[in-house]
Amino acid sequence: MKARIPITLLVAALVFFGGFAGLFIAPDEATMHEIQRIFYFHVPLWTAMTLALSISCFSCIAWLVSRRATFDLLAVAGAEVGVLCCTGGLITGMLWGKPVWGIWWTWDARLTSTFVLWLLYISYLLLRELIEDPHRRATLSAVFGVFAYLDLPIVLLSTTLWRTQHPQPVLFGGPKSINHTMLMVFLLCMVAIVGVMILILIDRYRLERLRFELDELRVEIESREMDAQQLPAKQAVPGKELPAKGTA
Amino acid sequence: MKALRATWTLFAKECRLEFRTRELLTATVVFSLIIIVFFSFAFDPTPAESRRYGPGLLWIAFFFAGSLMVNPSFAREQINDTLDALRMAPVPSFAVLSAKILANLLFLSIAEAILVPVFSVFYNVSLVGIVGRLILVLVLGTVGLVITGTVFSAISAHARMRELLLPVLLLPFLTPVLIAAVSTTISLFGDARELDRTWVTFLAGFDIVFLAASWILSDFLAEG
Amino acid sequence: MASAAAPPHTVQQGLGIRFDRVERRFGSLVALRSVSLEIIPGEFVALLGHNGAGKTTLLRIAAQLMRPSRGAVKFVEARPDASHADPSDKLKDEVPDVSVKALIGLVAHSLLLYDELSAAENLTLFAKLYALDNVPVRVSAALEACGLASRATSQVRTFSRGMRQRLAIARSLLHSPRLLLLDEPAAGLDAQGLAWFSATLERLRGNGCTVLMSTHARNESLDLATRAVVLAAGRVRHDTGPGNDPRPLLESLRTEA
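From first to last, the protein sequence lines are chains D, F and B.
For the first sequence, my numbering assigns the number 1 to the initial residue and increments by one for each residue that follows.
For the second sequence, my numbering assigns the number 1 to the initial residue and increments by one for each residue that follows.
For the third sequence, my numbering assigns the number 1 to the initial residue and increments by one for each residue that follows.
Please keep in mind that the hints were generated in silico from the structure rather than gathered at the bench.
For glycine and all other residues, C-beta sits at the position ideal for the given N, C-alpha and C.
Treat each hint with caution, since some may be false.
With a straight-line Cα cutoff of 20 Å, these simulated PhoX-like cross-link-like pairs (lysine-lysine) come out [unchecked claim]:
(1) B:LYS128 - B:LYS101
(2) B:LYS128 - F:LYS2
(3) B:LYS74 - B:LYS101
(4) B:LYS101 - F:LYS2
Computed far set for chain B versus chain F, every beta-carbon distance over 12 Å [to be verified]:
(5) HIS50
(6) ALA63
(7) SER150
(8) ARG157
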């Protein structure tokens with residue numbers, strides 16, 4: 001893909017500037033000061049994760065409907081990248097939580113549901129690892145993928161209801177009014193991180209695709225070798241190759 | 001309707017097979033009992049603690065035992081490839097799935113019916129006046145577990161390490177059901193002895209959503 | 001000659017199958033490579049080939065237990081007013097796949113029976129699933145015919161190999177299939193069982209049922225075959241074609257084996 005190098009450079013530049021802006025250009029936040037800056041990376045990671053997992057679920061459905069290999073490959077790529085972003089999000093969340101709240105973790109609605117989501121997609125990847133036949137693997141993991149995605153809003157709803165009953169410290173509380181520069185930096189980082197996610201997704205997809213095509217080639221080669229071997233030996237039985245008219 | 005009759009025939013077959021050996025039922029009851037008893041060894045709870053943590057314990061026992069219990073639903077059909085025979089029969093794949101869901105529901109309910117009284121005795125939790133509502137919560141929670149568990153049994157039957165895989169797939173997925181069921185049971189066992197409407201509706205909603213999803217996707221589960 | 005005049009349940013037109021460039025892969029293992037075959041309603045096709053040639057896979061695809069990786073399988077039936085004289089000219093209608101299930105019977109490598117149920121319970125289960133009427137009568141008739149009436153209430157896990165095979169065959173015939181798929185059906189049968197099986201096959205042939213039977217070359221039932229197809233390494237190696245005598249090919253394979 002010719003456009004590959006310029007796009008990668010562009011995204012790299014965005015990441016560089018985004019990181020620089022987040023760390024140095026964005027104004028100091030009133031209550032949390034320096035640690036607040038993690039917000040510029042943390043929230044975009046969630047966005048990237050949501051996008052990746054949505055692509056994965058869409059691909060699962062598309063596979064079930066069309067049986068085209070592309071969708072199966074995209075489903076696993078999306079899930080893996082989604083898990084990656086989720087891990088990043090959880091870690092940045094913890095890094096933020098410790099200095100601010102003094103705790104690494106709390107079972108608030110959002111963190112709990114995110115952790116469950118992480119577990120769900122890890123088990124999706126595990127399921128794929130454990131089924132050998134490619135066709136079956138694609139179909140069964142697609143069904144699980146759809147179930148898992150459907151479960152996400154339900155998990156979030158249940159943890160929210162649960163936590164409104166017993167309020168706990170909330171990491172990253174609701175929307176707050178935001179300074180203009182902060183917003184700009186935030187949007188820049190958003191584009192940068194989502195851009196990185198998409199690049200990694202494409203790469204992961206292409207890796208799967210290459211593996212798939214390699215398998216197809218191997219099969220084709222083996223098939224031709226088998227045909228080549230067959231031909232000389234079987235010509236011993238005369239005149240039986242073609243359906244003959246009338247009775248023998 | 002033909003499909004209902006087929007579901008009934010298959011459900012009867014599942015019951016006949018299980019009640020002939022009763023291995024699954026026995027193992028489920030014993031395993032749940034062990035979890036319930038181990039809790040008291042591990043935590044040595046006071047009566048107040050028993051009431052506070054009892055519901056959680058009860059549901060954890062049912063979830064763990066249940067997630068092991070649903071495994072044979074489809075794994076057993078691999079002996080003599082009987083699942084192939086069912087797939088060839090002119091019955092909808094959802095009928096095969098529903099029959100197993102109903103059977104699992106029956107078996108797990110029987111286990112629960114034995115274990116809840118045992119639990120109330122061991123932990124001195126009174127069930128007076130809340131039995132009907134407790135049954136409602138048990139049913140709604142168990143239905144959610146069993147629907148999803150049976151579907152995941154069909155999925156993991158073709159995977160390696162399926163006995164370990166099934167709980168790994170199932171338990172995170174059932175987090176909402178666990179939260180809802182435990183919350184409702186806590187308020188039932190609590191001083192007010194009341195049934196939380198929100199959670200009950202939530203559980204019913206979960207059951208309906210995933211029953212529908214299973215129905216829509218059942219054909220894909222049946223493929224070879 | 002209109003076959004509509006004949007009583008419907010004694011002359012059942014068999015189902016034909018059309019395999020169109022069927023391929024089947026299992027990961028990197030290719031079981032079938034571009035098999036195109038048209039089996040005409042009423043034919044008795046002997047499917048031959050070494051182990052691993054793809055016979056079982058072809059039968060499982062015909063049974064709709066798996067989809068082909070590529071290509072298509074369609075089921076056809078002869079129109080009622082078709083003449084019986086020239087098999088290759090029969091007019092065909094394609095049968096929608098869903099309704100086909102009730103018309104196919106399979107005897108596979110696996111038993112397809114529940115070990116923990118009795119012979120009668122197994123047959124009753126499948127009779128009900130196939131929505132047959134008069135279930136108890138049919139079940140006892142089937143058990144009677146295959147010689148297992150005395151063991152009707154014993155669990156299948158207590159049966160010998162030969163008895164299991166007989167029951168498996170009886171199960172596949174319960175719903176009077178119009179297409180019978182047999183994967184080495186004679187395996188494990190004793191002399192008595194074989195005799196019953198051959199007689200049953202002859203009766204089915206007489207009724208016009210299509211039979212696709214995979215077997216090794218030395219099976220007696222091959223005398224009933226109207227066509228021989230040899231598979232090798234996932235392809236059709238030889239095909240005597242519809243309406244031609246397969247016996248010379250079968251003879252040559254017998255001596256070769």
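If you draw a straight line from the CA of LYS128 (chain B) to the CA of LYS101 (chain B), is it 20 Å or shorter?
holds, 14 Å
Going by Cβ atoms, does SER150 (chain B) stay more than 12 Å from chain F at every point?
holds, 21 Å
Outside-interface status for HIS50 (chain B) - nearest CB in chain F farther than 12 Å:
Holds, since 23 Å exceeds 12 Å.
20 Å Cα cutoff - pair LYS128 (chain B), LYS2 (chain F):
holds, 10 Å
Below or equal to 20 Å on CA atoms is what counts here, so check LYS101 (chain B) against LYS2 (chain F).
The given pair, whose Cα atoms are some 15 Å apart, holds under the 20 Å limit.
Interface exclusion of ALA63 (chain B) relative to chain F, criterion Cβ beyond 12 Å
The claim breaks: ALA63 (chain B) does not keep its Cβ more than 12 Å from every Cβ of chain F (closest is about 6 Å).
Given the hinted pair LYS74 (chain B) and LYS101 (chain B), is their Cα-Cα distance within 20 Å?
holds, 12 Å
May I ask you to check that ARG157 (chain B) keeps its beta-carbon over 12 Å from the closest beta-carbon of chain F?
violated, 10 Å
Figure legend: structure checked against the earlier numbered hints; hints not met, in rising order: 6 and 8.
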